[in-house]
Amino acid sequence: MMRYARPESLDEAVAALADGDATVVGGGTMVVPDMTHGRTRPAAVVDLCRAGLGGIEADGTGWTVGAMTSYAVLERSLVPLLARVAHGITGGPQIRHRGTVGGSACYANPGSDIPAVLVALRARLLLVGAQGSREVAARDFFRDAFETLRRPDELLATMRVPAVELPFGYHKFKLAEGSWPIVTAACVAGERLRVAVGGAAAVPLLLDLDRPSVGTADPAWRDHVRHEVARALSDVGGPFDDVLAPGAYKARIAPAIVARAVADALQAYSGEESA
Amino acid sequence: MSCPLRLTVNGVPRCVEVETQTLLVHAIREQVGLTGTHVGCLTGDCGACTVMVDGETTKSCSVLALSAEGTEVETVESIADGDELHPVQEVFWDEFAFQCGFCLPGMLLTAKELVEQQPDADEGEILRAINGNLCRCTGYNTIVAAVRRVVREARAERGAG
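If you're matching them up, the sequences are chains A and B in order.
So in our numbering, spot 164 of the first sequence is number 156, and the numbers just go up one at a time.
So in our numbering, spot 25 of the second sequence is number 14, and the numbers just go up one at a time.
Careful, some of the hints might be misleading.
[Unchecked claim] A few chain B residues that don't get close to chain A, going by computed Cβ distances all over 12 Å:
no., residue
1, C4
2, E8
3, V21
4, L55
5, A57
6, D70
7, Q88
8, P108
9, R137
[As the list claims (entries may be wrong)] Computed from the model, here is a short list of chain B residues facing chain A with C-beta under 8 Å:
no., residue
10, S67
11, T99
12, E102
Since the hints were derived computationally from the structure, they do not count as laboratory data.
Think of the CB as a built atom: it goes at the ideal place given N, C-alpha and C, for glycine as much as any other residue.
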């Protein structure tokens, strides 16, 4: 029978993971169906539902988001971008009550909203294990589809989101209400545009773009976006196929999704729909 | 080998025996014996397994039973008062808002949660409240009409009160 632990503190959770053979269950919305359908058969589960890792704390320099913070809590918060993204998570209130932002980060589904958003926000993730703690940049955390820097004896405790004084935008493309997103883009608009693209590749793409001088429909600026998306895709080994769309399709639409996120950030969406 | 699970279901304290990998939906149906909560996709997509856990709608197929230790669970059976249907159920009845009824646990509980938490819900919020439920009969038009009416009547009642 699968071993089961329900630690009641961070320390207890770390101790329960020390053997390195346990699967961590956060909200369970991904891992539990994986167990049901035999996609994973853990020898042991560490269930974080009582470990006290939820909640959001604000200070002068940003937010500390507990790994077990649900989308429902997040969407009522003031955390930039994450609150808005949480509002649009697929699956209805039942999933937004249960699913957690830390769980989504650790599950690292390329088609999830959260990884690219954490990269766009320059979040730092605190991993805690029996051998100590380490803080890693979101950009480094996502290693491959469904693979992160987290070791099996570590858990994600918090995500540190620096304050964002700049305008931000978000766009996600999906073809049905109940679908995972196919491609997402999150933009933080400073003198340059920091854009993270989700879904297109196994890991989020990070782009550093020029601001459009004459609007996001400008063909020259669109060429620049296409070029930067193509270069970022080739840097990570090309686009990612999943059940929703082949990688080539995602590569084709990603520049348009980026342009929409940029337009959203600049509040100047031109209405152009094609890539 | 099994583990004890203590929880409150529809106001009644229960202690049942479950395996560590048992899902909450199976514990409710098979150990507690309440079959109003349905097993649909077992992937978290369809919403037929929806229950309230500590006051929040939850897909009980995506929760290990042992995660619900000590919680208060309310199932679709709890919302009527004996033979007296809940107002949300009355409206679903009047609007022909279900055909086979398989999706009703999710549709009724999310509609009830919406009207309790957001009595001023607009059209977008109404659609968002039920977008975690699939109706296999595809009877969405009447379901949406019913939820709109639930919200409208709750608002009128509040205005009158």
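Status of the hints after comparison with the structure:
No beta-carbon of chain A is positioned within 12 Å of the beta-carbon of B/C4; the least distance is around 16 Å. Listed as a non-interface residue, B/E8 fails to keep its Cβ farther than 12 Å from every Cβ of chain A; the least gap is roughly 6 Å. At the 12 Å boundary, the C-beta of B/V21 stays outside the reach of chain A, the nearest C-beta of that chain being 19 Å off. A beta-carbon of chain A is positioned within 12 Å of the beta-carbon of B/L55; the least distance is around 6 Å.
Separation of B/A57 from chain A is inadequate, the least Cβ-Cβ distance of about 9 Å not exceeding the 12 Å criterion. The claim that B/D70 lies off the interface holds: its Cβ sits roughly 24 Å from the closest Cβ of chain A, which is beyond the 12 Å cut-off. For B/Q88, the shortest C-beta to C-beta distance to chain A comes to about 19 Å, beyond the 12 Å cut-off, and the non-interface label holds. Against chain A, the non-interface label of B/P108 holds: every CB pair exceeds 12 Å, the least being about 15 Å.
Against chain A, the non-interface label of B/R137 holds: every CB pair exceeds 12 Å, the least being about 17 Å. About 16 Å separates the beta-carbon of B/S67 from the nearest beta-carbon of chain A, more than 8 Å, and the hint is not met. For B/T99, the interface hint holds, since its Cβ comes within 8 Å of a Cβ in chain A; the closest pair sits about 6 Å apart. For B/E102, the suggested interface contact is upheld, since its CB lies about 7 Å from the closest CB of chain A, less than 8 Å.
The structure is inconsistent with the numbered hints 2, 4, 5 and 10, although it conforms to all the rest.
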